[in-house]
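Going down the list, the sequences are from chains A and B.
With my numbering applied, the first sequence covers 1 to 420.
With my numbering applied, the second sequence covers 421 to 758.
Don't read these hints as lab results, they were simulated from the structure.
A few of these clues could be false.
To be verified - Stretch-level coverage of chain B by chain A, calculated; a stretch enters the list once three of its residues show a Cβ under 8 Å from a Cβ in chain A: (1) 458 to 470; (2) 573 to 579; (3) 692 to 705.
Stated by the list, open to error - Computed list of lysine to any residue pairs in SDA-like fashion (alpha-carbon distance at most 25 Å, straight line): (4) B:Lys485 with A:Asn234; (5) A:Lys27 with B:Ala657; (6) A:Lys232 with B:Thr438; (7) A:Lys410 with B:Pro585; (8) A:Lys107 with B:Gln619; (9) A:Lys107 with B:Ser614; (10) A:Lys322 with B:Tyr427; (11) B:Lys485 with B:Glu473; (12) A:Lys103 with A:Asp147; (13) B:Lys704 with A:Asn375; (14) A:Lys322 with B:Phe439; (15) A:Lys129 with A:Asp98; (16) A:Lys27 with B:Phe667.
Given the structure is predicted, the values throughout are model-derived calculations rather than measurements.
Glycine included, C-beta positions come from ideal geometry on N, C-alpha and C.
In case you want the letters, here they are:
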Amino acid sequence: MSKAEPMLAADGTPLKKSLARALRRQKMRALMLIAPLLLFILLTFILPVADMLYRSVENGIVSETLPRTVVALADWDADGGELPDEAVYAAMAADLHDAANAKTHTKVGVRLNYEQPGISSLFRKAGRKAKKWDPVADGPWKDQMIDLHKGWGDPAIWRTIQTYSPPVTQGYYLNAVDMRVGPDGAEMRPENEQIYGILFGRTMKMSLMITLSCIMLGYPVAWLLANLPARKANMLMILVLLPFWTSLLVRTSAWKIMLQQQGVINDVLVWIGLVADENRLVMINNQFGTVVAMTHILLPFMILPMYSVMQTIPPSYLRAAKSLGATNWTAFWRVYFPQSVPGIGAGSILVFILAIGYYITPALVGGTTGTFISNRIAFHISTSLNWGLAAALGAILLAVVLILYWAYDKIVGIDNVKLG
Amino acid sequence: MSGIPPYATMPQRVWYYTFRVICGLIFAFLITPILVVMPLSFNAQDFFTFTPEMLRLDPEGYSLKHYRDMLGDDGNPWTGLWIGCALGVAWAAFGVYRRGSVSLMSLLPVVVLSLFGLIIGKLTGATGDWMVALRNSLLIAPVATVLSVGFGTLAAIGLSQPHVPFRRAIMAIMISPMIVPLIISAAGMYFFYSRIGLQGEYLGVVLAHAALGIPFVIITVTATLVGFDRSLTRAAANMGADPVTTFFRVQMPLILPGVISGGLFAFITSFDEVVVVIFVGSAKQQTLPWQMFTGLREQISPTILAVATVLVGISICLLATVEFLRRRSERLRGMSPS
Numbered sequence: 001m002s003k004a005e006p007m008l009a010a011d012g013t014p015l016k017k018s019l020a021r022a023l024r025r026q027k028m029r030a031l032m033l034i035a036p037l038l039l040f041i042l043l044t045f046i047l048p049v050a051d052m053l054y055r056s057v058e059n060g061i062v063s064e065t066l067p068r069t070v071v072a073l074a075d076w077d078a079d080g081g082e083l084p085d086e087a088v089y090a091a092m093a094a095d096l097h098d099a100a101n102a103k104t105h106t107k108v109g110v111r112l113n114y115e116q117p118g119i120s121s122l123f124r125k126a127g128r129k130a131k132k133w134d135p136v137a138d139g140p141w142k143d144q145m146i147d148l149h150k151g152w153g154d155p156a157i158w159r160t161i162q163t164y165s166p167p168v169t170q171g172y173y174l175n176a177v178d179m180r181v182g183p184d185g186a187e188m189r190p191e192n193e194q195i196y197g198i199l200f201g202r203t204m205k206m207s208l209m210i211t212l213s214c215i216m217l218g219y220p221v222a223w224l225l226a227n228l229p230a231r232k233a234n235m236l237m238i239l240v241l242l243p244f245w246t247s248l249l250v251r252t253s254a255w256k257i258m259l260q261q262q263g264v265i266n267d268v269l270v271w272i273g274l275v276a277d278e279n280r281l282v283m284i285n286n287q288f289g290t291v292v293a294m295t296h297i298l299l300p301f302m303i304l305p306m307y308s309v310m311q312t313i314p315p316s317y318l319r320a321a322k323s324l325g326a327t328n329w330t331a332f333w334r335v336y337f338p339q340s341v342p343g344i345g346a347g348s349i350l351v352f353i354l355a356i357g358y359y360i361t362p363a364l365v366g367g368t369t370g371t372f373i374s375n376r377i378a379f380h381i382s383t384s385l386n387w388g389l390a391a392a393l394g395a396i397l398l399a400v401v402l403i404l405y406w407a408y409d410k411i412v413g414i415d416n417v418k419l420g
Numbered sequence: 421m422s423g424i425p426p427y428a429t430m431p432q433r434v435w436y437y438t439f440r441v442i443c444g445l446i447f448a449f450l451i452t453p454i455l456v457v458m459p460l461s462f463n464a465q466d467f468f469t470f471t472p473e474m475l476r477l478d479p480e481g482y483s484l485k486h487y488r489d490m491l492g493d494d495g496n497p498w499t500g501l502w503i504g505c506a507l508g509v510a511w512a513a514f515g516v517y518r519r520g521s522v523s524l525m526s527l528l529p530v531v532v533l534s535l536f537g538l539i540i541g542k543l544t545g546a547t548g549d550w551m552v553a554l555r556n557s558l559l560i561a562p563v564a565t566v567l568s569v570g571f572g573t574l575a576a577i578g579l580s581q582p583h584v585p586f587r588r589a590i591m592a593i594m595i596s597p598m599i600v601p602l603i604i605s606a607a608g609m610y611f612f613y614s615r616i617g618l619q620g621e622y623l624g625v626v627l628a629h630a631a632l633g634i635p636f637v638i639i640t641v642t643a644t645l646v647g648f649d650r651s652l653t654r655a656a657a658n659m660g661a662d663p664v665t666t667f668f669r670v671q672m673p674l675i676l677p678g679v680i681s682g683g684l685f686a687f688i689t690s691f692d693e694v695v696v697v698i699f700v701g702s703a704k705q706q707t708l709p710w711q712m713f714t715g716l717r718e719q720i721s722p723t724i725l726a727v728a729t730v731l732v733g734i735s736i737c738l739l740a741t742v743e744f745l746r747r748r749s750e751r752l753r754g755m756s757p758s
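Isolated chain B (complex conformation):
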């Protein structure tokens, strides 16, 4: 149904275009709220709406002051940058030495490690509200992700074996953290973790977030395993590989895209989670979304828009990565990438 057939009658043509317009409006509904925050975050005033200067595209109306407020001026970004850069150069040099050839890709470690160094350096010793919150988020989310990916991948492989007793029930339990309303999980964890002394502790928040991320890992990894050809593992075993070697050399490379996208889902779940952390965490674990939540509730300051813009940037990167992985996985499994 691409294009309009030449024999279409007038009403059909009218409907065809009306339908396109309706769909366009729905897409606009989906995307506008995300786009609106971006220009507003450059507002020179402390307003949440477009000022006349902004509408005239007057440079006076725009400024980076909300970003400056968000970043603060402490922390050690340059030290971090230099250390990261140095490590990156060392890594790149080692890579070039080993491969014996230089390409543009050899520069990748330099760029990545410099960026990491910059961020880590900025966050160490920073005292601004937003930077502390970001630091807490970045301390919690990766650890929770590693936990959910580790447990989740193993279990997904177990679940995809041909004969699993109680498969349905086990699956239902494992997906339940996604289905049970967050407030109920939060309440239960709050009561239970207070009993065992994990409430208000870093470990408590990490465990809670790992539990919330597991369903996403299970779903994505089982989806990848559906297309997995079992005869490959049998072939590996046939040639004398033990199960561990088979797993890491044969199965893992094939399901890696699914594992990584599951990990990204788990990461964003933890990175974006508010309800559970409010109840299970204490002020010491105030994460970025928590800070945004209090910000929106109490003193609504335009700095939130700068933070929101940065977060949208992060989600665009994550989305791009997941899409790239999905296509790669479909190619690896011999499906035509759509």
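For reference, chain A alone in the conformation it holds in the complex:
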């Protein structure tokens, strides 16, 4: 007797092989269908975000604009407290001459100014003169440059240039967490210059407040919707879905109109007599306005997942608990509530993720005390043009969001996101 023959498919190949090939073909077909979109997303979305992340560490400008200085400075001992020698000054003069002619000297000045305020004026001033310099004939440079601006005689300036000469820097990240590179490595900035820690903290705190108020307002509504007869629940569901479909700008402007001092809410309060006409409540351009408006905007994202979980809890459980002698409260707290926790979790993570990245609503109703980290990022991109810092702040925010996204995927599963 020979060994058991492998089972054969109709065309004579072993069945195992044939099945494996069919499976492989099926996988390939699925991937072929997915590939165009994956490519599209990679090109239009993932690559841009990666590019932004790269910008948060990119620092090519110093070594590109001041190549000779960077080389000459490499051996200088910054902790010695002495000025660099003539060779470094000569290299700087030559670099400045080239940079001034290429009009790039102000850019490097602005870049270094982020790290040490005052440097940009040094470069601007020297750049104006440097066009006419002859780097070889006009030396020696050390005293000339110190005469031009006494900043060139400050070792701290040279230390900054040396610290930021590598093509990659962690400076933006240090900046983004209120730190800087001091003589003894990284250190905290002075109290009065710390803004990003406060801003991140505020963003977190307000997002938490928004999430909590969404839970408080969303839970009863979801419960009601899940326990009403289908026809009534559908009618009420429209009241939840209509805000969901209404433009964000419309809702924000509505809140702006309702909350302002001459607005509808204050008018009603004055009319009832709850508030005197001369001290109308200030409800806008502060944290209160942001929390109220954003709770309204994000509430549907809380109600929908809660509702879909609550729909699956059989009402007979509550009746069973009560027939076994539980009070209404015990039945709810010990039987119903634990089963609805997944819905609360799903809704909370979703609302929190959406809240910490919000830009429009805080910008319109937040004033100065109610703005989020996003507003600061936008400010650095469009106004201060400190793109590296904007990218670093964005990268930190992105990291927080991605951790939450991962948690959401673990707890809820992204396949289970429901819309309407």
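Place chain B on chain A using the hints.
Structure of chain B alone, referenced to chain A:
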């Protein structure tokens, strides 16, 4: 838990009604801001609050002037209307000729095309801020929607096959545009698109909006495909249909409701998007939400309320369509529509 049982005690009754009142207040919180803009948009004054005349329901207190400001008086609405109407009549006549019977539904193309003609005619050649912004929005959103629906539907079908390697990771990447904060997407696209010359271009904005709309298409279409009976495609193949025929004649009609609602989501995402367009677009691509954003930030003019009212009207139409499609889809899949 509908109605209150006859044996309920007094505290239970009190709680039952208190709970209803609390829920009513929350619903009021949800809906009031949307309702408040509507009457205020008919204000005869340039105020953002109810004037005494309005509260007395005095006709003097109401006017359409904010709507007139929004519409402007240029553009060619009537030309558009006539062309649309003529095309509609032609289409309807062709339909009647082919079907050989006349019904009220035969008039539908006339109404729809006239409306389209009116809007398109009004927008061509209009120079008012709001009309130009609306035109830009309507040039961007549909193209972005077509892109996201096309790519998204294909990928959703691929993802719902039984054996997909790295399914979870692929899904995570595809949903990420919805999760990543808009400001980060906007910043990244701004930097990257400037490098490749798409910043400030129409194409750049369309691509960016298409990327943002994709998660919604993926989510809705995969949700429809969950209930899809695979043996139908096998049956079609068994009877000799090639994959393309099977797709268009068997699978597509069944998942169409999901595809359309995904498309509507993608459309509203683009139509309502501000952050990315501010960074990726230039003044030439100023869209309606962008115009509203600047309006709210700088010179707050009551015309915004008229625009807001129109937008609420549009969202009501979209919501009605999506709800209708959802029920139809559930019926098609043999579930009892809830």
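Hint check:
A count of 5 residues in the segment 458 to 470 of chain B with a Cβ less than 8 Å from any Cβ of chain A is obtained; the coverage claim is therefore met, three being the minimum. Residues of the segment 573 to 579 of chain B with a Cβ under 8 Å from some Cβ of chain A number 5, which satisfies the need for three, so the listed coverage holds. Here's how the segment 692 to 705 of chain B fares: 4 of its residues keep a CB closer than 8 Å to some CB of chain A, so the rule of at least three is met and the hint holds. For the suggested pair B:Lys485 and A:Asn234, the alpha carbons sit about 37 Å apart, so the restraint of at most 25 Å is broken.
For the proposed pair A:Lys27 and B:Ala657, the alpha carbon gap of about 19 Å is at most 25 Å, so the pair holds. Distance hint between A:Lys232 and B:Thr438 is fulfilled; the C-alpha atoms sit about 19 Å from each other, no more than 25 Å. As the CA atoms of A:Lys410 and B:Pro585 are separated by approximately 19 Å, the hinted pair is consistent with the 25 Å bound. Restraint check for A:Lys107 and B:Gln619: the C-alpha separation of about 22 Å stays at or below 25 Å, so the hint holds.
In summary, the hint linking A:Lys107 to B:Ser614 is supported, as the alpha carbons are separated by about 18 Å, within the 25 Å threshold. Only pairs whose Cα atoms come within 25 Å are accepted, and A:Lys322 paired with B:Tyr427 is accepted, the gap being roughly 13 Å. The straight-line distance between the Cα atoms of B:Lys485 and B:Glu473 is roughly 16 Å, inside the 25 Å bound, and the hint therefore holds. The suggested pairing of A:Lys103 with A:Asp147 holds, with an alpha-carbon distance near 23 Å, which does not exceed 25 Å.
Taking the CA atoms of B:Lys704 and A:Asn375, the gap is about 24 Å. The hint holds against a cut of 25 Å. Distance restraint check for A:Lys322 and B:Phe439: the Cα-Cα separation of roughly 19 Å lies within the 25 Å cut-off, and the hinted pair is therefore satisfied. The straight-line distance between the Cα atoms of A:Lys129 and A:Asp98 is roughly 12 Å, inside the 25 Å bound, and the hint therefore holds. The hinted pair formed by A:Lys27 and B:Phe667 meets the criterion: a straight-line CA distance of about 18 Å does not exceed 25 Å.
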